[in-house]
Amino acid sequence: MIGDAWLDRCSSPSPLLRGLARNPAAPSSVLLRLVETWPEQVCEGLRRRRELPPPVRDAMLRHPSPRIRGALAAHPGVDPLVRAKLLADPAWRVRVRAFGRPGQEPLPDDVLVSLLTELDGRPSDMPFTREELIGELLDAMGYDRRLFRLAAAHPRPGVRRFAAGSLYWLDERSRQALLDDEAPEVRAAAVASVAHRQQVMEPADLPDQHCHTFWYVLQRPLSRALVDHVLASGDTAALRVMGENPTVPPDVVETLLCHPDPSVRQGVTGRVDLTGDQLVRLANDPVVEVRTAVSTHPGLTELQRADIDIDVTTVRDDGHFGSADVRCRSIPYPDDASPQLTEALCWARSVNPLLRRRAARNAELPVETVTILADDSDLGVRVLLAQHHPAAPPALLLRCFLEYHCCGRDRLSELPQFPTEGLARFADDPDPAVRRLVALDPHANPELVDRLSTDPDATVRQAMATSPRLSAPRIAALLNDPELAEAAAANPALTVEQMLHILDGTTAS
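Numbered according to my numbering, the sequence shown spans residues 1 to 509.
To be clear, the hints were calculated from the coordinates, so they are not data collected in a lab. In this text the structure is predicted, and so the values were computed from the model without any measurement. A couple of the hints might just be wrong.
Pairs of lysine to aspartate or glutamate, DMTMM-like flavour, derived with a Cα cap of 20 Å [to be verified]:
{"id": "1", "residue 1": "85", "residue 2": "105"}
{"id": "2", "residue 1": "85", "residue 2": "136"}
{"id": "3", "residue 1": "85", "residue 2": "120"}
{"id": "4", "residue 1": "85", "residue 2": "58"}
{"id": "5", "residue 1": "85", "residue 2": "118"}
{"id": "6", "residue 1": "85", "residue 2": "51"}
{"id": "7", "residue 1": "85", "residue 2": "109"}
{"id": "8", "residue 1": "85", "residue 2": "125"}
{"id": "9", "residue 1": "85", "residue 2": "110"}
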C-alpha cells in the first residue's frame, strides 16, 4: 500500500496497537476503543485494513482527529459517498486525501463537478493555487480524461479555462466548444493552447544543456534550422529523441536511419511514416536493440516479424514488466493505457512476444484468449496477464510468482484468485519471498510455521507472525518480541480476550 507520511507519522508508536488496528479478526468494539483512546497511534493500521466495519467507519468520519478522518479518506475500500462528505472536511489535508488514490472507487460525476466549483475559488486555507489543486485532483484520478471532459463543460469559466489549457486531452467536439466559448478568457486560453501546440521551435528555443525543457522542445514542431542544428551537434541522445518527432523531414529521417550510433537508429523505429524499404533495413540492422524496437511496427506483416531476430530483454520496462524499481506504479496513464480490445485480440495472435505482452494487459480479453496466453512461451506475457486480468488462472499466478522477481511480484500473492492450498511445500525454498507463501496456506502444520517464525530472513519471520496457523503459545510469546509484536498483534488467531488484555495494559496517550 502507498505510504502517507502525514497519516503514518506517530510521536509515540505502539507496535501492539498498530497490529491490532489492522487485525482482520478484531471486532468493532476493539477497533472503536482504539479509535477513541489511541487515535494518533492507529491511523496507519486502520488505513492498511482490508475492511472497515460500518460502526468504525462512522466513528472515524465523526472523529475530532483530522488524521483519523484522513485515514478514512485514504482507505482503499472507502465508499465514494463517504469521501464526498470528507471533501467538506474542515482540514485541508483531509480534503486533499478525499480526492482519491489508486485502488479507490472513483468519485461520481456530480461530486467532481461540485469539487471543481470549490477548487475554482481556491479555498483560503489551502496553500496551493487553483491550477495546483486541480492538478492534484487529476493526479489522484490517475489522469482520467473524464475530469477534462467535466471541466470543459463546467458552468464556471475558471474551470473551463483550466480545461482549455489542456485542449488536446479532449475530443474534437469539446475542443471546438472551448474555442467558441462565450467567455473571452476561455477562448483566449484555448487559442493559446492551439498556438502553443503549433509553434515551431527554433535554435534559440533549445537550452544549451540537457534538461526537462531541452527534451520538451525536441518533441515540439521543429524548424529546419533547429533540425540542422541538432544534426550538426552530434549529440546522440538529442538525435535519438528528435528521430521520434513526426515533423522531422524525410531526408533527415534517412540520415538518422543510417547513423553509426544504434541508439539513433533505434529512435526512428517507431515512426509511422517509415517506408517499406526503411522497415526492411531496420529489421535487418546488425544491432539487436534496433531490430527488436522495429519488430512491433504496424507496417510489418506477421511473416516479416517472424523473420526478425529479436531479444526482448533489450526492451526497458515493457508494460512495467521486468522493472526492479519498487516504486513502479500500475496507474494507467494516457500514454501507457491498456490497448483496445480489438487491438489486443489481434496482438494476442502475433508471433512477436512484445505485441502479445501488450495484449496481455487488456482486462477484457475473453476466456479462450486468456487460456492461450496463460501458457505463452514468453514470461512477460504470462506475468502481465497475471497482473492485469481478473480471470487469470490461479495456477498462472503461482507460476509467475515463482518465476518472476521484479516489479509487481508481491501484488500477485495479494490477488483474490492466488492459490493458497499446498503452499507449505515451499518452506525450504531458498527464496525468502517464496518461503513467505507458507503463511497463506490454510492447512500448514503449526510446527512448520513455528519453525519459520525464527527464519534467518526478517520478512519471513514477519509473515509467519501473522499466520493463523501459528501456535497460540508462539503468538503469545511474539507479542513481547520488539521485532514481531506488531505482526503478532495483527494475527487473526489472536483471541478477543488477548486483544482486550493488550488494550487494558496500554496507557492512554
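Checked hints:
| no. | hint | verdict |
| --- | --- | --- |
| 1 | 85 / 105 | holds (15 Å) |
| 2 | 85 / 136 | holds (18 Å) |
| 3 | 85 / 120 | holds (19 Å) |
| 4 | 85 / 58 | holds (11 Å) |
| 5 | 85 / 118 | holds (14 Å) |
| 6 | 85 / 51 | holds (19 Å) |
| 7 | 85 / 109 | holds (15 Å) |
| 8 | 85 / 125 | holds (18 Å) |
| 9 | 85 / 110 | holds (13 Å) |
Comparing the model with each earlier hint shows no violations; every hint is respected.
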